[in-house]
Amino acid sequence: MSKKENFLKGFFKENPIFVFLLGMCPALAVTATFETALGMGLLVIFVLTGSNIVVSLLRKYIPEHVRTPSYIVIIATFVTLVEMFTEAFAFELYESLGIFIPLIVVNCLILGRAESFASKNNVVDSAIDGLGMALGFTFALVVIGSIREFLATGGLVWGEYLPFFVDQPVSLSLDLIIHLFDDSITIRDFGLAMFSLPPGAFIALAFILAYFQFKKVRKEEQEAAAKKAWIEQKKKEALARKKAKALKERGEAA
Amino acid sequence: MSFTVFATAIISAMLINNVILMQFLGICPFLGVSKKSSSALGMSAAVLFVMVIASAVTYTLYDLVLYQFNIEYISTIAFILVIASLVQFVEMVIKRYSTSLYKSLGIYLPLITTNCAILGVSEGNIANIWGATVPFGEGLFIAVSTAIGTGLGFGLVIFAFSSIRERLEAANVPKAWRGVPISLIVAGIMSMAFFGLVGVI
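The listed protein sequences correspond, in order, to chains A and B. Residue numbers are given in my numbering: position 39 of the first sequence equals residue 39, and the series is strictly consecutive. Residue numbers are given in my numbering: position 175 of the second sequence equals residue 1175, and the series is strictly consecutive.
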């Protein structure tokens, strides 16, 4: 596997959330808005890359039967670091993620990568794998978060929880279009508020997973149909050849 | 330490702030171990058992050690280590003293270390209950009651969900929705039902 493949596999082919259903707790809990989802993703990128590097560096020194507790301690150290950084630099994000920052420790994705990849490969590969997988995880979270926030409020907001690059929250919503015609309506009043609440999390994720499964099923059906057609064609060709041979033999006999 | 406190903590943790449907903790076992209702019951019994012990131990640890020495910031590392070793310890004790219990709970115990509901409840107890104002005994009592309620709520939801899932196996679901997507829709509808209980207390 080349380094590029190793990096890219986390996005679609081995996406942790959409394909393997790992790390579902944050995928449901912190995706009420686009920003909290992105913030969670950034934290996971740091923790997963860091823990993969350290696990890979120490892989020859960690004894076989205490490996799980050792990995957990390494991960927990990075999580504690990240928790302090978030509290210092993005306090709104720290408040809104709350208990889910310490819970990164028990995210099955991170322990799974340490166990299945970093403990068997060298440092560079492990770092690339961790970064790629975490970016895939972030991508999935951002997809879910944007869909949920858009359905709930009719737009996306930047700057509320991640106070970077802007002085005050910037919002991009359908209001821009609607206000061309009528100033008295705001789209927020017509949002499906359910999607920012717990039931909406389950239902939104169900629709996204069903879309991926639909594409998979359709691809399998198309492949099956193509294979069937190929077999029919081969059969026809064989029959034609047999016929030609029989005709030829008859001609020779005559 | 009154019955009212106990009942309030149990009802609010079990029904109103349900651990799976409202707080999204423990989704992995919720989706992974809910294909058969018997395994769902085994898992929820193991979770209840470990959760009660773990929250008592972590609460005590936080109050008597971490807070006294001003090292609250390592609580995550300390708690996960305590939980991991506790799970090992409980497994060994059960194996030694009760073979039948080990047979029914044994295979679920190793999975519990990475179950975020356990760590989530321990951390939540510290965030919501612990404070220098609440005396240690009372706080510990509320923490244990909350853990019992949370474990019962986990069991209730995972058992109901697994029963529905057993029926879904026989249903004629469109191909794209088979498996996890339709289960998530079921969970969403259950979550809506639980949402009706918000504000009871």
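Keep in mind that the hints were calculated from the coordinates and are not lab data. One or more of the hints may lead you astray.
Said to hold, decoys possible - Quick list of in silico lysine-lysine cross-link-like pairs, DSSO-like style, CA-CA up to 30 Å:
1. Lys13(A) x Lys1035(B)
2. Lys1103(B) x Lys219(A)
3. Lys1175(B) x Lys9(A)
To be verified - To list a few chain A residues with every Cβ distance to chain B over 12 Å, as calculated:
4. Ile177
5. Ile203
6. Phe214
Backbone N, C-alpha and C fix where the C-beta goes; we use that ideal spot for every residue, glycine too.
Comparing the hints with the structure gives:
no. : hint                   : in the structure
1   : Lys13(A) x Lys1035(B)  : holds (26 Å)
2   : Lys1103(B) x Lys219(A) : violated (43 Å)
3   : Lys1175(B) x Lys9(A)   : holds (26 Å)
4   : Ile177                 : holds (30 Å)
5   : Ile203                 : violated (4 Å)
6   : Phe214                 : violated (4 Å)
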